[in-house]
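Given chain A, put chain B in place with the hints provided.
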Amino acid sequence: MSFSTTAAPACGPIPARAGIGLRFPHHRAVAETRPAIAWLEVHTENYLGGGATPAWLDTIRRDYPISCHGVGLSLGTAEGLDRDHLARIGRAVERFAPALVSEHLSWSIAGGRYLADLLPLPMTEEALAVVCRNVNETQEFLRRRILVENPSSYLRYRHSTIPEWEFLAAVAARTGCGVLCDVNNIYVSAQNHGWDASAYLAALPSAAIGEIHLAGHAVRRLDNGAVLRIDDHGSRVAPTVWTLYAEALDRFGLVPTLIEWDTDIPPLATLLDEAHTAQALLDRCGRKAGHADAA
Amino acid sequence: MPTLRELQRNVAHSLIAGDDAAAAMDVVADGLVPVARLAVYRNTVIASLTTALRLSYPTVHRLVGAAFFESAAQLFLAAQPPHGACLDDYDLAFAGFLADFAPAAAIPYLAGVARLDWAANRALHAPDTEGLDPARLAAVAAADEPHLRFVPHPSVELVRADHPVDAIWRAVLAQDDAAMAAIELDEGPVFLLVRRTTDGPMIARLAPAAWRFTASLCAGRTLEDAIATAGQVDTATLLAGHLIDGVFTDFAVDEGGGRQPREDLS
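Residue numbers (numbering that gives the first Met the number 0), protein chains in the order written: chain A, 0 to 294; chain B, 0 to 265.
This is chain A alone, in the form it adopts within the complex (with noise of 0.2 Å):
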């Protein structure tokens, strides 16, 4: 595949602010209003056809930076990746060049069965060399780089051996990933497994830090008198999120940060608030780098 024919960007990088997640039900009111937001991102999978929906993204890109954001790849598959999956993928990033794009540390396909959800890995040896194989692979085909966020999770496997925080250090280190760090799912995964979620940031390696990701969660109490986490995309941010957020912005400086909602999608203006409240934490990280720098 030659990519020379490929769409320049017409917005330029993501740039280090706060950014929507774009859904269907947004399309003409972000195409017609253009709402003061920095960028968008696209969930791939929804505009690998023909028709309306991927005439919407040609419109908008020509207004904001995209980042195209994959959950059908399945990355974590011992058994390799679906070519004819990565080939649309790759048709669409020579469409829309997107500035960024990204996938997930997880897996999803396993004996040509699709699991339509993001479903965890043991964290061992064997896992790490097939995500590194998936992950090399990808990038050769799509001739980029591209980031791997961390999952949300509601179980561990016996056999893990490797600390989850580990596994994406050494993902990125060895593939030259850069990471997508979802702050929400360190919540979410420190809570369901009693990690230290603070410890999880500090163990990422800063310069690998494409991204980060914020979104709402739900708390589950279950019969026996449990309660987990689910990252269910669908409520606002977490008090208890944004304060890990700022603490993510103190260790990794400004980063692009994206608004995810993906169940019981709100009006646009509830998103553009969201992103207005991540906004402003960029804000003052920058002006505490400022001084700093001044000092």
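If you are wondering where the hints come from, they were derived from the structure by calculation, not from laboratory data.
Glycine included, every Cβ here is placed at the ideal spot set by N, Cα and C.
Worth double-checking, as some hints may not be accurate.
[Unchecked claim] A short, non-exhaustive set of chain A residues, derived as facing chain B with CB atoms under 10 Å:
{"#": "1", "residue": "A115"}
{"#": "2", "residue": "P119"}
{"#": "3", "residue": "R142"}
Using the frame of chain A, we list chain B on its own:
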């Protein structure tokens, strides 16, 4: 210790078939039994795939109601899980599943409506391809015209149903009870051409002969063959209309000149 491949197959079996025995052995309990942890994922997998089916089959969903749709979708997912993240072909399998689904037999037109839902959804998302420029056809010699084969636009689908499913489809989606009540279920079969226009999916009713002609061309038969299949109908006018509507994207002159598709000649 299972290999990654074994573990993933065990978890997939747990989430799809509901058999946790193998997968649960590999999951840490830690305050919550492994089957409860696996159930969290199973709920998400079923909900995601059911939502995908509901978006592809909005008319079926309204006709049977949410509870019936969800139980049918769950049985379908367990029997025929999807193979990849691209669910287009998978969606078609659900229409076939509903056609044989005994609890749906009380709604004799459901399978036809499902087929139409699928075709309309496919028309919505089919790849973008330029329509065939009719001027290109002008360069074809008259002697070659019988041997023309056409390539249909990816959004084009021919649907034949035993009931007036196009009228049902429109009435249900518009939630127009009066229109629904006025439908004569026994008016006989309908012959439909589904394609994408700039306004979205369009469903046109064709006469049986016109439908046979169009279906033959879309199946890659020669113009000569399609005319023979159609019988008494003005095929020249039909073909011109299809060209204007962008039903076809390309053509080739069948150099073999035979009456069979080329692959049958080899």
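These are the hints, each one checked on the structure:
no. : hint : verdict
1   : A115 : holds (4 Å)
2   : P119 : holds (8 Å)
3   : R142 : violated (21 Å)
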